[in-house]
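Chemist: Each chain, written out:
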Amino acid sequence: MKRRSLGELTAIIIAVLFVLLMLVVPLISVLTNALSKGLDFFVKAISTSHVISALGLTIGTMIVTVLITGVFGVAAAYCIGKFQFKGKSILTTLIDIPFTVSPVIAGLALIMTFGRMGWFHPYIEAINNYFNLDIRIVFAVPGVILATVFVTFPFIYREIIPVLFSQGKDEEEAAAMMGASGWTIFRRITFPAIKWPFLYGIILCSARALGEFGAVAAVSKARGQTFTLPLEIDALYMSGSENGAVSAFAVSSLLVGMALIMLVIRSIVEKKG
Amino acid sequence: MYVELKQVNKYYDTYHASKDISIGIEQGQVLALLGPSGSGKTTILRMIAGLEIPDSGDITIANQIVNTMPPREREIGFLFQNYALFRHMTVFENIAFGLEMQGLKQKEIKPRVAELIELIGLTGLEKRYPMELSGGQKQRVAFARALAPNPKVLLLDEPFAAIDVKVKEELRIWLKETIHKIGITTIFVTHDQEEAVELADIIVVTNQGRVEQMGTPEEIYGAPNTPFVAQFMGKSTEVLSYRDLKGFQHIDYGSSAIIRPEAIKIYKKGTLRQFMSAAEEGVIERILFKGNHLELWVRIGDMLIYSNADMDSAHFSVGESVDVLIYRLYIFDHNTTQVVENSKMNVDDVYYI
Chain A
1 MKRRSLGELT AIIIAVLFVL LMLVVPLISV LTNALSKGLD FFVKAISTSH VISALGLTIG
61 TMIVTVLITG VFGVAAAYCI GKFQFKGKSI LTTLIDIPFT VSPVIAGLAL IMTFGRMGWF
121 HPYIEAINNY FNLDIRIVFA VPGVILATVF VTFPFIYREI IPVLFSQGKD EEEAAAMMGA
181 SGWTIFRRIT FPAIKWPFLY GIILCSARAL GEFGAVAAVS KARGQTFTLP LEIDALYMSG
241 SENGAVSAFA VSSLLVGMAL IMLVIRSIVE KKG
Chain B
1 MYVELKQVNK YYDTYHASKD ISIGIEQGQV LALLGPSGSG KTTILRMIAG LEIPDSGDIT
61 IANQIVNTMP PREREIGFLF QNYALFRHMT VFENIAFGLE MQGLKQKEIK PRVAELIELI
121 GLTGLEKRYP MELSGGQKQR VAFARALAPN PKVLLLDEPF AAIDVKVKEE LRIWLKETIH
181 KIGITTIFVT HDQEEAVELA DIIVVTNQGR VEQMGTPEEI YGAPNTPFVA QFMGKSTEVL
241 SYRDLKGFQH IDYGSSAIIR PEAIKIYKKG TLRQFMSAAE EGVIERILFK GNHLELWVRI
301 GDMLIYSNAD MDSAHFSVGE SVDVLIYRLY IFDHNTTQVV ENSKMNVDDV YYI
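Residue numbers (this note's numbering), protein chains in the order written: chain A, 1 to 273; chain B, 1 to 353.
Check before you lean on any hint, since a few could be wrong.
Just the calculated beta-carbon pair ranges, DEER-fashion [stated by the list, open to error]:
#, chain 1, residue 1, chain 2, residue 2, range
1, A, Lys195, B, Lys176, 38 to 44 Å
2, A, Pro162, B, Glu26, 43 to 49 Å
3, A, Lys86, B, Thr68, 45 to 51 Å
4, B, Lys235, A, Pro192, 44 to 50 Å
5, B, Val318, A, Lys82, 40 to 46 Å
6, B, Glu218, A, Gln84, 40 to 46 Å
7, B, Pro70, A, Gly168, 44 to 50 Å
8, A, Ser181, B, Thr123, 55 to 61 Å
9, A, Lys82, B, Thr68, 19 to 25 Å
10, A, Gly168, B, Gln208, 52 to 58 Å
Quick caveat, the hints were computed from the structure, so don't treat them as lab data.
For each residue, glycine too, the CB sits at the ideal point set by N, CA and C.
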């Protein structure tokens with residue numbers, strides 16, 4: 001083995017210490033705290049009706065979000081990567097807004113758009129009256145999904161676009177010369193090339209959707225109904241009782257577990273792709 | 001004419017990429033679009049393919065106007081400069097793609113693909129992916145893929161640009177033979193005049209979006225219409241004060257002239273045995289060793305003239321005074337070209353015949 005220089009050694013030590021202190025130790029503390037009152041308490045803590053509702057909503061939101069951002073991401077990347085049109089540069093800039101805007105602002109923006117004082121409220125009311133429905137967006141499940149979509153929608157697009165750009169459109173043109181229609185070209189030529197980055201984007205998007213707090217907190221107010229796991233954890237912790245704090249850690253370990261599964265899938269996809 | 005462009009114009013925003021292009025090719029012929037990069041030759045090819053749409057003028061294939069017909073309906077085989085093989089498909093799948101698009105069944109596709117793979121001499125490599133092929137093999141696969149659906153016209157964009165010199169020569173011969181064997185009407189783009197002369201029945205020289213000249217290789221080489229064509233065909237020198245050269249003093253027309261490297265011969269002092277009166281005094285200014293020959297630049301007065309010399313000819317060095325014989329000039333007068341032989345050498349010839 002070759003001798004490492006002092007600089008190299010220092011850099012490695014700093015990186016390892018940082019990961020240990022900032023990531024590993026806190027994660028271990030979550031798990032130990034979660035189990036500090038015994039396994040029975042742990043099981044009870046994660047099987048309250050509030051937690052089960054939050055778990056269901058979190059997973060449901062994640063699935064719907066991935067479906068929406070997946071379709072959006074592929075469509076946006078395809079048109080931006082392969083075609084020239086007016087306003088393309090504006091579109092590419094707008095897509096990145098969620099990266100720069102705080103999630104809380106996204107949530108508040110949804111309230112101002114769809115809430116009681118919002119621009120679209122009269123239309124929603126009109127539809128509800130006409131069809132005798134009771135559709136609500138904010139402070140309801142649709143709002144939770146919209147908020148999650150808002151913060152995650154560039155993820156899949158961002159993974160696909162560099163691959164599309166680097167490939168150019170020669171293969172598509174070659175397929176067109178051989179008699180393929182637009183849809184066939186997409187299905188047979190374009191999509192197979194972006195399959196792995198697409199999958200990778202789905203995983204990143206799912207992980208982000210699981211953990212979103214700020215935007216969802218702004219449009220959600222009923223525990224057991226519109227609370228996702230991060231909000232439920234916050235509510236348990238903020239309840240002030242000693243049991244509440246330990247329960248919060250128990251539920252947290254649930255979320256951490258899901259995140260770790262994502263991490264494993266991610267590294268498998270990364271290797272394959 | 002089988003494929004014909006009539007006064008075709010194409011703009012990219014304000015850039016005039018094709019200016020009044022009128023060219024044509026008979027069935028079964030091979031046409032070369034020859035020009036420097038940025039001269040608009042690839043734009044012409046892409047318009048014939050339908051990948052670009054002309055802003056004015058007509059493109060006809062087999063007497064049918066195809067201006068806005070989508071590429072997939074044109075029955076054209078297109079070979080891309082970097083081949084554009086489908087990277088996630090095998091050699092077999094690549095070649096079969098066009099046949100599948102025609103709605104053929106696997107039973108019909110298999111023998112046709114096998115036949116093509118044999119034609120390109122890659123039997124046994126059907127299951128390889130493009131990544132696992134050499135440049136020359138990729139080119140052959142792309143060629144077979146373009147031919148698979150039995151196109152009416154074959155278009156090749158810089159077919160040899162991405163291949164190393166050694167394989168290039170061999171592939172060129174192979175491509176020429178294969179095209180003639182199939183007898184398909186072919187149009188290809190190149191910036192290499194040697195390639196154009198070797199492969200094409202007709203050469204179209206393009207420059208700045210315009211057609212400079214269209215004709216057989218002999219016509220283009222022997223009777224260039226413009227100084228640009230003359231210079232592009234062979235590494236020639238343009239001279240303005242050609243009336244100062246011995247044997248050309250009597251010429252009273254033209255604005256400039258071209259000297260081809262093969263129309264000039266350089267002699268060491270004292271080795272010249274004939275045409276003494278036609279010899280110019282020159283000084284070697286630059287020598288480039290090219291492996292099998294030398295490239296020489298010799299200065300005569302204010303003219304710096306390019307020439308070649310064999311390796312086994314006399315040994316020259318920079319700064320050496322030499323005798324130079326100039327056999328002929330291409331003189332340009334407005335839009336006509338005159339080939340003028342050295343008058344002093346013609347007179348001397350009498351003694352030797």
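Chemist: Against this structure, judge whether each hint is valid.
Modeler: Against the structure, the hints:
1. A:Lys195 - B:Lys176: 38 to 44 Å: 40 Å, holds
2. A:Pro162 - B:Glu26: 43 to 49 Å: 46 Å, holds
3. A:Lys86 - B:Thr68: 45 to 51 Å: Cβ of A:Lys86 to Cβ of B:Thr68: about 21 Å, so the range 45 to 51 Å is violated.
4. B:Lys235 - A:Pro192: 44 to 50 Å: 46 Å, holds
5. B:Val318 - A:Lys82: 40 to 46 Å: About 54 Å separates the Cβ atoms of B:Val318 and A:Lys82, which means 40 to 46 Å is violated.
6. B:Glu218 - A:Gln84: 40 to 46 Å: 43 Å, holds
7. B:Pro70 - A:Gly168: 44 to 50 Å: Violated: the Cβ-Cβ distance is about 20 Å, outside 44 to 50 Å.
8. A:Ser181 - B:Thr123: 55 to 61 Å: Cβ of A:Ser181 to Cβ of B:Thr123: about 32 Å, so the range 55 to 61 Å is violated.
9. A:Lys82 - B:Thr68: 19 to 25 Å: 20 Å Cβ-Cβ, so the 19 to 25 Å window holds.
10. A:Gly168 - B:Gln208: 52 to 58 Å: 26 Å, violated
When held up to the earlier numbered hints, the structure conflicts with 3, 5, 7, 8, 10 and fits the remainder.
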